[in-house]
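Colleague: Protein chains in written order, with numbering that gives the first Met the number 0: chain A, 0 to 255; chain B, 0 to 255.
Honestly, the hints are just simulated from the structure, not real lab data.
Honestly, I wouldn't trust all of these hints.
Claimed, not checked - Coverage of chain B stretches by chain A, computed from C-beta distances (three or more under 8 Å per stretch; other residues unrestricted):
1) 9-19
2) 53-59
3) 83-97
4) 115-127
Even glycine gets a Cβ: it sits at the ideal position worked out from N, Cα and C.
Residue strings, one per chain:
There are 2 protein chains.
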Amino acid sequence: MEYSEIEIITHPDRYLHHIQVDNVIFGYHDKELKVLLQQTITTSKWTVTGGYVGRDESIEEAAARISSSRTGLKNLFLQQFRCFGNPDRATDAEKNPENLRKLSGIEVPEDLWIFDRFVSVGFYTLTEFSTVEIKKWSLDAACQWWPVSDLPLLMFDHKLVISEALRTLRMHIAFYPIGYELLPEKFTLPEIHALYQTILGRSLDERNFQRKLLASGIVLKLKETRPIGPHRAPYLYKFDQEKYNEGLQSGIVLAF
Amino acid sequence: MEYSEIEIITHPDRYLHHIQVDNVIFGYHDKELKVLLQQTITTSKWTVTGGYVGRDESIEEAAARISSSRTGLKNLFLQQFRCFGNPDRATDAEKNPENLRKLSGIEVPEDLWIFDRFVSVGFYTLTEFSTVEIKKWSLDAACQWWPVSDLPLLMFDHKLVISEALRTLRMHIAFYPIGYELLPEKFTLPEIHALYQTILGRSLDERNFQRKLLASGIVLKLKETRPIGPHRAPYLYKFDQEKYNEGLQSGIVLAF
Chain A
0 MEYSEIEIIT
10 HPDRYLHHIQ
20 VDNVIFGYHD
30 KELKVLLQQT
40 ITTSKWTVTG
50 GYVGRDESIE
60 EAAARISSSR
70 TGLKNLFLQQ
80 FRCFGNPDRA
90 TDAEKNPENL
100 RKLSGIEVPE
110 DLWIFDRFVS
120 VGFYTLTEFS
130 TVEIKKWSLD
140 AACQWWPVSD
150 LPLLMFDHKL
160 VISEALRTLR
170 MHIAFYPIGY
180 ELLPEKFTLP
190 EIHALYQTIL
200 GRSLDERNFQ
210 RKLLASGIVL
220 KLKETRPIGP
230 HRAPYLYKFD
240 QEKYNEGLQS
250 GIVLAF
Chain B
0 MEYSEIEIIT
10 HPDRYLHHIQ
20 VDNVIFGYHD
30 KELKVLLQQT
40 ITTSKWTVTG
50 GYVGRDESIE
60 EAAARISSSR
70 TGLKNLFLQQ
80 FRCFGNPDRA
90 TDAEKNPENL
100 RKLSGIEVPE
110 DLWIFDRFVS
120 VGFYTLTEFS
130 TVEIKKWSLD
140 AACQWWPVSD
150 LPLLMFDHKL
160 VISEALRTLR
170 MHIAFYPIGY
180 ELLPEKFTLP
190 EIHALYQTIL
200 GRSLDERNFQ
210 RKLLASGIVL
220 KLKETRPIGP
230 HRAPYLYKFD
240 QEKYNEGLQS
250 GIVLAF
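Same shape as in the complex, but just chain A:
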């Protein structure tokens, strides 16, 4: 079950101290790559969505519970990418009990456990953002998608957290297939090409892309076309489920 933030803050014995998880939830839709950020009532800055690890919970379980409580999605493929453990990753202004007391109405002690030093385990995932119903938590001022190319002012070291997650995502898509939950069942070459270009943040030669993609075996060109205008009916493609799953297990090399 998910406790309210006030329950969490006032029950230090339920959680591991000094360790938390941060989920970088990337969302793709129609040539846009976004990231889910939250803003608590105590600050104007934003953070990725994260939380604490229950005493009897694995870090993976904690990441899945927290991301599901934010997005309602149960089966997000969360992957660890890095830990963040500098002693000065939170400034004094960013751990301000007085401010929390004033804005939340909770009586918190000066040495509240959540203001002690935390090492954060970063997880990332990629989903189709148009399907997500974002849930605000009790101490959230806001929780919303932001374009990765136009982020607001971030708290702690979360600018680094996001850029490291993005670097890992870009490395992983040269090694593992993506797209299954991000594209329609049958898609055009421009659609999958746009997906890869958007995530990589650079343009890819379309012929070269097509050649490598087909050589990898993870997509099949269908005989079917999709009429999109006068004299325009591009061929449709779909993923080869078996090859795709094999690729998730043992890796492929796309190297665009």
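Starting from the known structure of chain A, fit chain B onto it as the hints suggest.
Modeller: What follows is chain B alone, placed relative to chain A:
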């Protein structure tokens, strides 16, 4: 400075609780890939070398301090690869205060902080093992190199820790140059070919390997040869320092 293990155990206030670092130190020499393991006096099982994080120390500083205290090497390129945070990663038998008391002579309480639940941040590095002078710690029964293909019985989840480190190393060598500290300044094609084959744990077609390696620009073929027998004098190669460093920064794609 490095405290003795007894100092560490008896000063819980100096370290972050619930979080530790584990260093998977791989060593390469002459077609052999090994890993540095330690065995404490309290058990017959082995672990990778690891330790605790000082209250004012970053996790990277802790990993560097601990690896240097084991190997004497100051500039090991330690890379995070994954966190391990299952609540049951240490069995009850593996955190046995009675045994520690008996074998070390230290009076430790039942709820000694090092026996509480720990999340471990895994770092890996690769070095030339013939240059390393291993240092045993006070509670070590042994500390030595083991072939990755023939590991002894391991404690905790360290079998997984090592296999995950190896998986990451193998992925990384398709993306980043390696070899600078592992080969002589001038080396033959069979030498660098053997290095890659040993780390990847599989054979690579030599012609294909040579072609991709030269195309990457990180090595230069010299006019010089090395006489190794009657009628045998293979050409020598060396790394292009500039291209090599560029590759470390921005990645290359070797994809052998």
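Colleague: None of the hints should be skipped; say for each whether it holds.
Modeller: Hint by hint, here is what the structure shows:
Evaluation of the coverage hint for the segment 9-19 of chain B: fulfilled, as 4 residues show C-beta separations to chain A shorter than 8 Å, against a requirement of three. Here the segment 53-59 of chain B counts 6 residues with a CB under 8 Å from a CB of chain A, which clears the bar of 3, and the coverage holds. Only residues whose beta carbon comes within less than 8 Å of a beta carbon in chain A count, and the segment 83-97 of chain B has 3; three or more means the coverage holds. Residues of the segment 115-127 of chain B with a Cβ under 8 Å from some Cβ of chain A number 3, which satisfies the need for three, so the listed coverage holds.
In summary, this structure violates none of the numbered hints.
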